[in-house]
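Dock chain B against the given chain A, drawing on the hints supplied.
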Amino acid sequence: MTTPYDVPYMERTRLYYEAQGYTTPYQWAHHDDTPFTQLSKSLPQSRVGLVTTAMPDTEQGRAERKLYSTPSRPVPDSMFTLGLSWHDTVTHTRDVGSFLPIEALLTIESEGGIGSLASQYQSVPTAYSQRQTIEEDAPAIVDLMNKDEVDVAILVPL
Amino acid sequence: MSLVARYLENSGIPTVVVGSALDIIEHVGVPRYLHTDFPLGNPLGTPYDREMQRQHVDMALDLLDKASQANAVSRSPFSWQGDAGWRDDYSRVTDANRAALAAAGEARRAKQRAMKKTNPKQQIPMP
Numbered sequence: 001m002t003t004p005y006d007v008p009y010m011e012r013t014r015l016y017y018e019a020q021g022y023t024t025p026y027q028w029a030h031h032d033d034t035p036f037t038q039l040s041k042s043l044p045q046s047r048v049g050l051v052t053t054a055m056p057d058t059e060q061g062r063a064e065r066k067l068y069s070t071p072s073r074p075v076p077d078s079m080f081t082l083g084l085s086w087h088d089t090v091t092h093t094r095d096v097g098s099f100l101p102i103e104a105l106l107t108i109e110s111e112g113g114i115g116s117l118a119s120q121y122q123s124v125p126t127a128y129s130q131r132q133t134i135e136e137d138a139p140a141i142v143d144l145m146n147k148d149e150v151d152v153a154i155l156v157p158l
Numbered sequence: 001m002s003l004v005a006r007y008l009e010n011s012g013i014p015t016v017v018v019g020s021a022l023d024i025i026e027h028v029g030v031p032r033y034l035h036t037d038f039p040l041g042n043p044l045g046t047p048y049d050r051e052m053q054r055q056h057v058d059m060a061l062d063l064l065d066k067a068s069q070a071n072a073v074s075r076s077p078f079s080w081q082g083d084a085g086w087r088d089d090y091s092r093v094t095d096a097n098r099a100a101l102a103a104a105g106e107a108r109r110a111k112q113r114a115m116k117k118t119n120p121k122q123q124i125p126m127p
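So the sequence lines, in the order shown, correspond to chains A and B. Note that this note's numbering has the first sequence beginning at 1, numbered continuously upward. Note that this note's numbering has the second sequence beginning at 1, numbered continuously upward.
Please keep in mind that the hints were generated in silico from the structure rather than gathered at the bench. Take these hints with a grain of salt, some might be off.
To be clear about the criterion: a stretch of chain B counts as covered by chain A if any three or more of its residues have a C-beta under 8 Å from a C-beta of chain A, and this derived list gives those stretches [claimed, not checked]:
hint: 1; segment: 4-12
hint: 2; segment: 41-48
hint: 3; segment: 75-85
Virtual Cβ for every residue (Gly too), placed ideally from N, Cα, C.
One chain only, chain A, in its complex shape:
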């Protein structure tokens, strides 16, 4: 029996890329302070936004990894995850519900647990460039969510 432990993903990634000849290790952003915003409404009154790292399973989504905003309904029955970092030797991503909770949130919406699910969800690329994320993708997501009157957001990286 193997004792469970938290997988050291940063270390594994560094060694994996080093073995591929990338000698300058990727530097994850690190911050001493973390922002925090209180909820302004109760969840049953809140509109919930959703962000995934999976790309839409469309011709464009398969061809180019970039920010996409896609209608939440109908619930997608597949997402494009090829080439993203996930554990493809032990599991699969054929069940969208295992990483993108649209169906679950629609059920919770119908039960009154949240006000509503946002009309669009966002796919964001796991970019090598932090500048790309901070200066382009994240501000674009804020604009999209503000237009959709999103109150709170659930972010689910693969």
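Here is chain B on its own, set in the frame of chain A:
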């Protein structure tokens, strides 16, 4: 994704991240994090297990609702029921795959050099 959470939070939109890479999320620092101890790819739980997936979404909403300060972390009580060796398996470099990885890296760099000529904005994916 953690950087997006931080940006949204700074912009007045409270966030919760649900994921399985605890060390990365804690290194970057996010307002609220639900950790699910699953192989990357199924942060909401076992494929097709709707009951477990629903419970993870409920836990995420609960954390969103109840956390009172930044870096709030919850851990799911559920665990992966597949191969017990999955933790050791992820991106492991061994003598068996070392040469193949070196060759794959070289091939990838060659492809990127070629791609840069046609699409300079193409990103190099990282977890």
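Hints, verified against the model:
1. 4-12: Answer holds; 9 residues pass the 8 Å Cβ test.
2. 41-48: With 8 residues in contact (Cβ-Cβ under 8 Å with chain A), the coverage given for the segment 41-48 of chain B holds.
3. 75-85: The restraint on the segment 75-85 of chain B holds, since 5 of its residues have a Cβ under 8 Å from chain A and three suffice.
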